[in-house]
Each structure stands twice: as structure tokens, then as C-alpha cells.
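So the protein sequences, as listed, match chains Z and V. Take the first sequence: its letter number 149 is residue 149 in this note's numbering, and every next letter is one higher. Take the second sequence: its letter number 195 is residue 195 in this note's numbering, and every next letter is one higher.
Because the hints were derived from the structure by calculation, they are not lab data. There could be a bad hint or two in this list.
One side of the interface only, derived from the structure: several residues of chain V facing chain Z at Cβ under 7 Å [claimed, not checked]: (1) E18; (2) W104; (3) P115; (4) V121; (5) L144; (6) A223; (7) V234; (8) L267; (9) V269.
To spell it out: a stretch of chain V is covered by chain Z in this simulated footprint if at least three of its residues, at any positions, have a beta carbon under 8 Å from a beta carbon of chain Z; those stretches are [stated by the list, open to error]: (10) 105-113; (11) 250-261.
Chain V regions said to be covered by chain Z (calculated; three or more residues, Cβ under 8 Å) [what the hints assert, rightly or not]: (12) 22-31; (13) 35-44; (14) 130-141; (15) 195-206; (16) 275-285.
Since the structure is predicted, the reported quantities are computational estimates derived from the model, not experimental observations. Glycine included, every Cβ here is placed at the ideal spot set by N, Cα and C.
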Amino acid sequence: MARRRTAADLSYALVIGGLAALAILILTGPVVIVLLTSFTEGRSLRFPPTGFSTEWYQLLFDRARSGQIHRAAGNSLYVAAVATAIAAVLGTLAAVGIARRGTGWARALDTLFMSPLILPGIAFGLAALMYFTLIGLRPSLDLIVLGHVIVVVPFVLRTTSASLSQLDPALLESSASLGAGWFYTFRRVTLPTIAPGIAAGAFLAFIASLDNVPVSLFLAGPRSDMLPIRMWGMMESTLDVRVAAVSGVLIAAVLALMLLMERLTGLTRRMSS
Amino acid sequence: MTDAVAANGWLGRLRPAEWQLALPLTLAFAAFFLAPLGLLAAVSVFDDDALTRAGFAQWAKFLGDPFYWSVVGDTLGLGLMTVAATALVGFPLALVFIEASPRWQRILLFVIVLPLLTSVVVRTFAWIVILGQEGVLNRAIVALGLSPAPVRLLQTEAGLVLALTQIEMPLMLLPLLGVMMRLDPALRDASEALGASRWRTLFRVTLPLSAPGLVSGCLLVFASSTTAFISQSVIGGNRLVYLPLVIWQQSLVVYNWPLAAVAALTLLVSVSACVVAISAFGRRIGGAPVGVPAHG
Chain Z
1 MARRRTAADL SYALVIGGLA ALAILILTGP VVIVLLTSFT EGRSLRFPPT GFSTEWYQLL
61 FDRARSGQIH RAAGNSLYVA AVATAIAAVL GTLAAVGIAR RGTGWARALD TLFMSPLILP
121 GIAFGLAALM YFTLIGLRPS LDLIVLGHVI VVVPFVLRTT SASLSQLDPA LLESSASLGA
181 GWFYTFRRVT LPTIAPGIAA GAFLAFIASL DNVPVSLFLA GPRSDMLPIR MWGMMESTLD
241 VRVAAVSGVL IAAVLALMLL MERLTGLTRR MSS
Chain V
1 MTDAVAANGW LGRLRPAEWQ LALPLTLAFA AFFLAPLGLL AAVSVFDDDA LTRAGFAQWA
61 KFLGDPFYWS VVGDTLGLGL MTVAATALVG FPLALVFIEA SPRWQRILLF VIVLPLLTSV
121 VVRTFAWIVI LGQEGVLNRA IVALGLSPAP VRLLQTEAGL VLALTQIEMP LMLLPLLGVM
181 MRLDPALRDA SEALGASRWR TLFRVTLPLS APGLVSGCLL VFASSTTAFI SQSVIGGNRL
241 VYLPLVIWQQ SLVVYNWPLA AVAALTLLVS VSACVVAISA FGRRIGGAPV GVPAHG
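Given the sequences, and given the hints that come with them, work out the whole structure.
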């Protein structure tokens, strides 16, 4: 643009640039601060820390002193893995079933399946607790899995539907006209096309389950402690700096997983489309 | 070909009608989503904790108490303030994003997604470190001479909105970027070539065309911030009471299930009403909201 820069242009650059810089600061600052805090020395949450050490990580990895945290982390990983597997299968089937159908019932089902994203999770968590209690089921990890499947299925459904819309129907027709049955076509044509979408959705579902508070808050019991709930307890009672160390481990693990998923599926691109 | 025929065992011949594929998830939602929500409504119309006498006593108690009305107002207000704050800084970041080079876009996308992938509890913990009496923000305030002594930031609405702005911002940015990435840059160039200032181009061209993404982002941020129990209770402390805290206390501390159900339904209905209102408003200013993004 060979246009003369005006005062309006300058104010635009300053205001928009300033607000964007503020956004970046707000987004990244806390992550950096948690990571630095996790290496602090002593019990204080003073920032910047007065000295650095790995004592909180040592305490965290000590089986004897942090056993409860390890058990909660194991439970959370188990629930996330099982809930993700179930959600990936049910979500993929449903996406294939209702994709590209403008009919009323398909749209109604889509709205129903996506509604856990918008409806308050805490209302559903309470409802699930009442439901399982009144039909006589005792709190267990399996019930948490069921609750998590409902709240994480939208992630699988959304990414899988998006990749289904890129599947050329002509491919399915030619496969069928060449004599392939429905399942063979699904396995050899549909599935390879939508696999990256399913994988990206499953990854997001896994993270969402690992991170879930509203459902776990109500369904977790003394013998089915979940990591976010345990961390909440650690923050509420004494400001235990191990929370920062757990955070450091979680950030590192998710970062590694995310870079892997980015390689495999172009994850970030799928998240914003 | 022979391979295909061989693979057409019973699974191949059993060509499911496509609606049947949605059946397992539909049944799961009926049994573990719709049924519990129906039960929630049923529990709310009992007068006593043991669920023996039906009646509207708990509704009367809840709706007749000005305290609960103010809690509902504060909860929706918190959602609206978080929506305003995330839109105010998130939209400019999206503007910078769409004009950045591909290399910078990859870096920015990473910055945007990173908080989403760090647990909500971790993000909440970070803000305790930042907002505390000895936190970064207070030290900066004192160092800059804005206040002689540390100010209270934890357990204030301003501190909570600031924290939620970071916690919820990815939910604003992802749908926004999804829409804004598809805008034709030629439209902006044309507007400026015709003499419009960059501000005028922003408000007359870019913003209206981005409305669907902006509305989706607002819906997700609103829904998520009104139900963010841990962030609300840890940063807000006991001084600030929102509906999720009432629901938690009544159900798991006081064991008054009917009143907890009333509070949960109130949250459900009032959030849904706001969601419908925001989408309707969005449709009036430009287009329906796009589908909920991949991660919400």
C-alpha cells in the first residue's frame, strides 16, 4: 500500500498491537511462572523465587510421601484412557451416521451430542451423582468413565465430522460399484481419510478427561481419587508447592504429546477449523 | 477384487442404515445424560432431603431469598465480564494473527493453544502465585509506585476476571481464528484502497465478517466461566459466592439435594437463556455462529 501513514493508522497499530501484546502476556505469563515456581527453594510462593532447587520434584516422585498423588494420577490416566477409547468409537460411529445429513433428526442429535460443551458441567456432575446413587451404584472409577465419555464425546464428534466433510462421496460410490461391501469400504476408504480427525479428537478428549473437574468432583470417592480434585485439595488446605511440581510434570507431558500429535495429525490446524 | 469379496463376510453384507451408526451414542446419551438431567428436575420438586414429600418448597425458598438472586446475578455477571475481557484482548490478537507470516502464525497458534492444554487447576494455581500478596503483580504495583503497599487481588472480582481471561481465552480465540482465517484479505485491501482508515476497515469490514466466530467464542467463554468451580472457589475464596459453589455446598456439604438440584437447574436455565440471547444477538449483527470448535 503506497498510502501515506496517518495518525489514525498509527493509533490503530498502537491500540491493536498493544492489546494483542497484552493477550500474549496473559496467555503465556502464568505458564512460565508456574514452571519457575516449581523449582523454588523453600515453602514460599514468592516470585521470582529466592533460590532454585529440585526439592519439590524429589518430594513429588517420592513414593512414600506422595503416594496419594501417584494413586490419583494413576486413576486419572486410567479414566482418561478408557473414556477416550469409548468416546472415539461411539463418536466416530455417530459422526459417520449423522454427517452431511440436513434432516431434522440428524441435526437434533448433533445438537444433543454437542450440548455437554455448553451446558454447565457442574449441573451434569450433580445430576450424574444423584442418578447413580438412586439406582444403587456405589462410586467407582467405572462410573467416572461413563460421566467422562458424555462430556468428552463432542471433541471426537467435531473433529471427525470436519474430516468427513472432506471425504469425496464419489470414492464411496466407486468402492461400492466395484463390489466392496459396506464394512470393507469403511475400513479401506472412509477410515484412512478420517483417521487424523479421529486421532486429533481423541487427543483433545483425553486432555479434557484428564482435566475434568465438574464430573469428577461429584463422582470421585475416597477410593477413586482424581488428580485435579487432589490438586484442588492441596491448594485449598496448605499452599503445597508440590502442586507446582505436578503442574510442571503435566505441562511437560502434554507438551511432548502435543508435539507428537502435531507431527501426526496437524492438531493445531484442526482445532481452529 | 477377490480381496474385497473375501472381506465381505457377514460384516460386509450387514450394511447398516446410517442412522443405526448413531444408535450406540444416542442410547448412551439417553441413559447417562438425559436420564440424569430428568432426575435432577424430579429431585428439585421434593420438600425434604430424604425425598419423601413432593412439593415446591425448595424452589420457593431459593426464589424467595434475595441472597440467591444476587448469586445468580453475580454468576451471570462474572460470565459477561469474562466474555468482555477475552473479546477485548482476544480479538486484537486474532487481527495480528491473520496478518502475520506463516512462520509467526505457527508460533502464535502454539502460544494460544498452550494454556488450553495445561490443566485448569494448573492455570488456577498460576494465578494464586501471580495475584498473591507477594505475587508478581503486587511486586510490580509496589515497584512502580502505584500503591505504597500490596493491594488485595485474590478474593476480588477483578482478580478473578483477570485469571478467567487467561483460563478461558483459547475458547474465544479458536473459533474466532477459524472464521477470520477464511476472510479474503482482498476485502481489507479494497477498503483501504478506497480511502477507509484502518479503524473504519476494522469496524465496517473485518468485525462484521468475523461476527460468527466472535459469537461462538463468546458462547463458549460464557458457558465455561460460569461453571468454573475450582477457579471461582480458589481465587474467589469465601468472599465471592457463585452458583457452582452453592451447588457443591448444598449437595456435598449440607446434603440438601433438592436445594442443590434447584440451584443446578437455575444455573442450567439461566446459562442456556443467555446462550440463546447471545446467539440471537449474533444473528442480528451478522450470520449464525459457526459450529462449536474442536476443543471447547
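Going through the hints against the structure:
1. E18: holds (5 Å)
2. W104: Violated - the Cβ of W104 (chain V) stays beyond 7 Å from chain Z, reaching only about 11 Å at its closest.
3. P115: Since chain Z brings a Cβ to about 5 Å from P115 (chain V), closer than 7 Å, the hint holds.
4. V121: With a closest approach of 5 Å, the V121 (chain V) hint holds.
5. L144: Since chain Z brings no Cβ nearer than about 16 Å to L144 (chain V), farther than 7 Å, the hint is violated.
6. A223: holds (5 Å)
7. V234: Constraint on V234 (chain V) satisfied, holds at 6 Å.
8. L267: Result: holds, 5 Å to nearest chain Z Cβ.
9. V269: Status violated, d = 10 Å.
10. 105-113: It holds: at least three residues are needed, and the segment 105-113 of chain V offers 7 whose Cβ sits within less than 8 Å of chain Z.
11. 250-261: It holds: at least three residues are needed, and the segment 250-261 of chain V offers 5 whose Cβ sits within less than 8 Å of chain Z.
12. 22-31: Check passed, 7 qualifying residues.
13. 35-44: holds (count 6)
14. 130-141: holds (count 6)
15. 195-206: holds (count 4)
16. 275-285: Answer violated; 1 residues pass the 8 Å Cβ test.
The structure is inconsistent with the numbered hints 2, 5, 9 and 16, although it conforms to all the rest.
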